[in-house]
Structures are given as C-alpha cells and as structure tokens.
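Enquirer: Each chain is listed here by its residues.
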Amino acid sequence: MYTEKVMDHFEHPRNVGEIENPSGMGTVGNAKCGDIMRIYLDIDENQIIRDVKFKTFGCGAAVATSSMATELVKGKSVQEAMAVTNQAVMEALDGLPPVKVHCSLLAEEAIHAALWDYAQKNGIEIKGLKQPKSDISEHDEDEEY
Amino acid sequence: MRKIIYLDNAATTRTRPEVAEAMMPFFTEYYGNPSSVYDFSTPAKKAVQEAREIIASSIGAQAREIYFTGCGTEADNWALKAAADAYREKGNHIITSKIEHHAILHTCEYLEKHGFEVTYLDVDENGVVKLEELKKTIRPTTILISIMFANNEIGTIQPIRQIGEIAKEHGILFHTDAVQAYGHLPIQVDTLHIDMMSASGHKINGPKGVGFLYIRTGVKIRSFMHGGAQERKRRAGTENVPGIVGFGKAAKLAIPSMEERARHESELRDYLMDRIMEEIPYARINGDRNNRLPNNANFAFQFIEGESLLIMLDSKGICGSSGSACTSGSLDPSHVLLAIGLPHEIAHGSLRLTMSEDNTKEEMDYVVDSIKEIVQRLRDMSPLYEDFMKKQTR
Numbered sequence: 001m002y003t004e005k006v007m008d009h010f011e012h013p014r015n016v017g018e019i020e021n022p023s024g025m026g027t028v029g030n031a032k033c034g035d036i037m038r039i040y041l042d043i044d045e046n047q048i049i050r051d052v053k054f055k056t057f058g059c060g061a062a063v064a065t066s067s068m069a070t071e072l073v074k075g076k077s078v079q080e081a082m083a084v085t086n087q088a089v090m091e092a093l094d095g096l097p098p099v100k101v102h103c104s105l106l107a108e109e110a111i112h113a114a115l116w117d118y119a120q121k122n123g124i125e126i127k128g129l130k131q132p133k134s135d136i137s138e139h140d141e142d143e144e145y
Numbered sequence: 001m002r003k004i005i006y007l008d009n010a011a012t013t014r015t016r017p018e019v020a021e022a023m024m025p026f027f028t029e030y031y032g033n034p035s036s037v038y039d040f041s042t043p044a045k046k047a048v049q050e051a052r053e054i055i056a057s058s059i060g061a062q063a064r065e066i067y068f069t070g071c072g073t074e075a076d077n078w079a080l081k082a083a084a085d086a087y088r089e090k091g092n093h094i095i096t097s098k099i100e101h102h103a104i105l106h107t108c109e110y111l112e113k114h115g116f117e118v119t120y121l122d123v124d125e126n127g128v129v130k131l132e133e134l135k136k137t138i139r140p141t142t143i144l145i146s147i148m149f150a151n152n153e154i155g156t157i158q159p160i161r162q163i164g165e166i167a168k169e170h171g172i173l174f175h176t177d178a179v180q181a182y183g184h185l186p187i188q189v190d191t192l193h194i195d196m197m198s199a200s201g202h203k204i205n206g207p208k209g210v211g212f213l214y215i216r217t218g219v220k221i222r223s224f225m226h227g228g229a230q231e232r233k234r235r236a237g238t239e240n241v242p243g244i245v246g247f248g249k250a251a252k253l254a255i256p257s258m259e260e261r262a263r264h265e266s267e268l269r270d271y272l273m274d275r276i277m278e279e280i281p282y283a284r285i286n287g288d289r290n291n292r293l294p295n296n297a298n299f300a301f302q303f304i305e306g307e308s309l310l311i312m313l314d315s316k317g318i319c320g321s322s323g324s325a326c327t328s329g330s331l332d333p334s335h336v337l338l339a340i341g342l343p344h345e346i347a348h349g350s351l352r353l354t355m356s357e358d359n360t361k362e363e364m365d366y367v368v369d370s371i372k373e374i375v376q377r378l379r380d381m382s383p384l385y386e387d388f389m390k391k392q393t394r
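Listed in order, the protein sequences are those of chains P and C.
Counting from 1, one number per residue, gives the positions in the first sequence under this note's numbering.
Counting from 1, one number per residue, gives the positions in the second sequence under this note's numbering.
Hint data in this document are derived by calculation from the structure and do not stem from the laboratory.
Keep in mind it's a predicted model, so treat the numbers as computed, not measured.
If a hint is listed, it holds; no wrong ones were tucked in.
Rough simulated footprint, nothing fancy, chain C against chain P, three-plus residues with beta-carbon under 8 Å:
| id | segment |
| --- | --- |
| 1 | 10-20 |
| 2 | 24-32 |
| 3 | 36-45 |
The beta-carbon is built from N, C-alpha and C at its ideal position, and this holds for glycine as well.
Please work from the sequences and hints to get the whole structure.
Expert: Next up, the structure:
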C-alpha cells in the first residue's frame, strides 16, 4: 500500500529525537484522530535551520511524512522552509495513498508551528507564515491503567 | 517465501488441504448443476445435501433449516432485512448491540432509513451485553433481537442462552451472528433458543465465498435473492457446489476437534497475554481475560498507533490486525473498543492476534520479543510517550 520511499522513511526514520532548548518547537494533530507530530528546530543567527528533530505518534504515513519533512527543511533558511509544502513532501515520497494525504498536511503544519514558535520567541516575521490552527502544547488526556 | 507467523485467524483461516482436496472434483469432474435433471448432476446434488446434513447436525438442526449463502455478511443481511420485512405487521423495533460486526450494524442503519427503529445495547467494560438493559428495551413492537455469539475483535462471548430465553419469553425472534463462534465453540440451537444463525466457511479452515443461515422451521422469512428455486426457493442462485462441499468438509473436521483445538489455542493465548502483560508496561488486555474465544488475544499499547505496529510486525513476518483508525479506513478507531470505554488514543494502539491450531509456543515467544522491541521503538518516537515520561520524572 505504501511506496518504497515511504517504507524506507517509516522503517528508517531520519532525525527522530528531541532538541534541548530548541529555537522553535511545534506540536500539531490530535491523539483522538490518531496522529500527533512534534517538530524541534535549531536555527542559527542567519536564520538557517541547523538541525531538526521530530517525534510522531501515528501511522506509517505519519512517520514517513515527518521524516521526509525534516529532511527537506534541514540546512534551509526559514524562508526556504516555508516552501516545503505538503505537496513537496508527498512528491519526495513518490506519493501517498489518498486516505493518507492528511498526514502530509500535518507535516507541513508541524513545520509551520515550529517556525511560528521561533518567530514569536524572536519577535520576527516570516513571510507567508500564519499562526498554526491546530497547534497543541499539551494534550488533554493522560489515561493510565 | 519467508517464514510467516499467521495470527489473523479471525480475519480468515488457511483452507485445509483435505478441504481443498474434497472440493477439487466438483470443479473439474462433477461440475453438473444440482438443479439439472440428468444423472450427471447427481453427485453435485448429493454432495450439497451431504454438506447440509453435516452442518445441520453440528448445531442440532434439521438439514432443511440450513440455507447456504455467499458469505456470513449475506446471511446477516438476509436474516435482518427479510425478518424485518416478514414481521413488519407485528412491529418495527429491532434490538442489537453496539459491538456487532458492520454486517449487522450497517444493515440496521439501512433498516432505520426504511421505517424501523433500532436499539443498540451498551456493553460492559468487557464487551458483554447487559441483560437487564435488554429486558428493559423490549417493546410490544419488538420483532427481532440480533446479538453476536462472540465478538470478532475482542473475542467476548455473549450469554447467548439467557438472551435466547428472554427472546423466547417475549415471543421475539432471536438471531445470532456466529461467524466467529461456529466451529470454535459448541452451539446447539435448541438449548440456546436460537431462531436464526449466521456462519461462514472461511473462519473454520473452509473456503471463502460460502456461508449459511440457519432458519428455524416456522420462522416466516422470505427470499432475499430472487430467481430460481434453489435452497427451497429461499435463496436463488446456482449453488456454489465446491464451496458448499468444502464448508461441509471443514465442519466435519472442525466439530470433533473443537475441544482439542480450543485447549491448544487458549494455552497459546494465555501464554501470550501473560508474557505481554508482565513484560510490556502501559499495556492492557481488551475484553474479558477468560470469557473469550479460545484463539483471541487483543491488546492496547499506550502511546503508539496500531498501523505502525502492524507494519513493523509485518516486516518480521507476523500477521496481525488492529482497531486503529488508519486500519479501519475512517477517522475513528474501532467501534467495539470505544463501546467498551477505551479513550480514542488508546483504541488507536490496539493489536488483535488470533491463533490457529498450527501456531506454536516458540512462535509466541518470537512474537512477544518482536512486540516488545517494536513497541519500545515506536514509543521512543512518540511525542505522547515523551510527555508522559517527562511528567513522571518531574
């Protein structure tokens, strides 16, 4: 059901992890729907994304799109990172099944949410960046057994 | 082919070689149409009758009360739609449960659009229908109660005899979807007061494409497929002779071996459940620990998502299934897991493993070791787990 590229990024995800004191961090999605993505950005003084890490709760496509999105923004300027759309992520993965397209949208949103956090912290404006709508800092439920 | 550990026997089973062998002559040699007059079609006619008798006797029914269908879903559709139609003058109320298979639930939704009222009974945290609630929901207009024998996802076995008694006391038809139970649990339609029952061939090592509906003599139920005079004019369409023969053969093998299989499968199931619960934190068993199908284990692993788990298991040659949204083709996780009270995010992390007599303890060890490794790997990349662990150490 998935392309080889998707399977490769799912089985060997790039840039999994956390960044301590990140320049920007964004979490999007909703555990209720079964997808949560978190992106950490380390951005230098020239607004270049030096490092990026992600964590994802979700299906194979969610993991693969997060992984690919981090690959696409790494080393780019924040303005270049804005050009990493869900379409770009999907193309880089040689496509996604139609029911999984929302995963690529989530990846784009996650990058934007992290950039928004960075912009807010540093009081700068990134052209074309809007406040993310589905950013969640804390998930509401912590069910335990 | 690499070694496969097949643990999705609730989805379908391997057709036994003896079954396939019994079917073969009915493709290539005795291919006559059972409805034909000439002698050439006699072996086909006889074989269908023989299969009908095997199946009837396996549930304590008469051969003429068994109607072959194309699948379990067809049997469910037929039972509900045709009974609703036949008893419409008596009333328009149907009672079922929230954890039925979609073959029942979507048929009920269809009937609701056509003037019927349906009550979907709640279940307890183990998935058992509440009998008191059932009694309370019965109305003078109730014409049918349809409750599954055992659940396909969490394996919960319903108190079928008590439900049958309640239905009988009130003069209401009782249908049970026994697709997961037939050939796995003892079923006698008279002692359990079952009026109609659906079953499927491919869940008991028989072929796909064949099921049956048991209809007790005296139940007014009309034809669902209109056409020829097959199946006592109640189910038109040329008989799937090889399929029916295979179903009969599978039943013949499954019924006498039921106890022994159940012992073996439940040993594996319990061993698997024990090891997982001991060795993997933040895991739970869905459904009752004991009152469940002998071959059904269902877990939820917190902080991870089921489809990811399935794909990683697949890469280790393990076949399982999940009730996560991504595997159900919708945004919501399994309706069964939600009905037993699991929050969405935990229902997304469910895993169903259903054994067969072919599985071994060594396989279970490999499966547990694989699950342990995969669950940890997925948790290590889960933001939910990260937040949870940070809260713990705070």
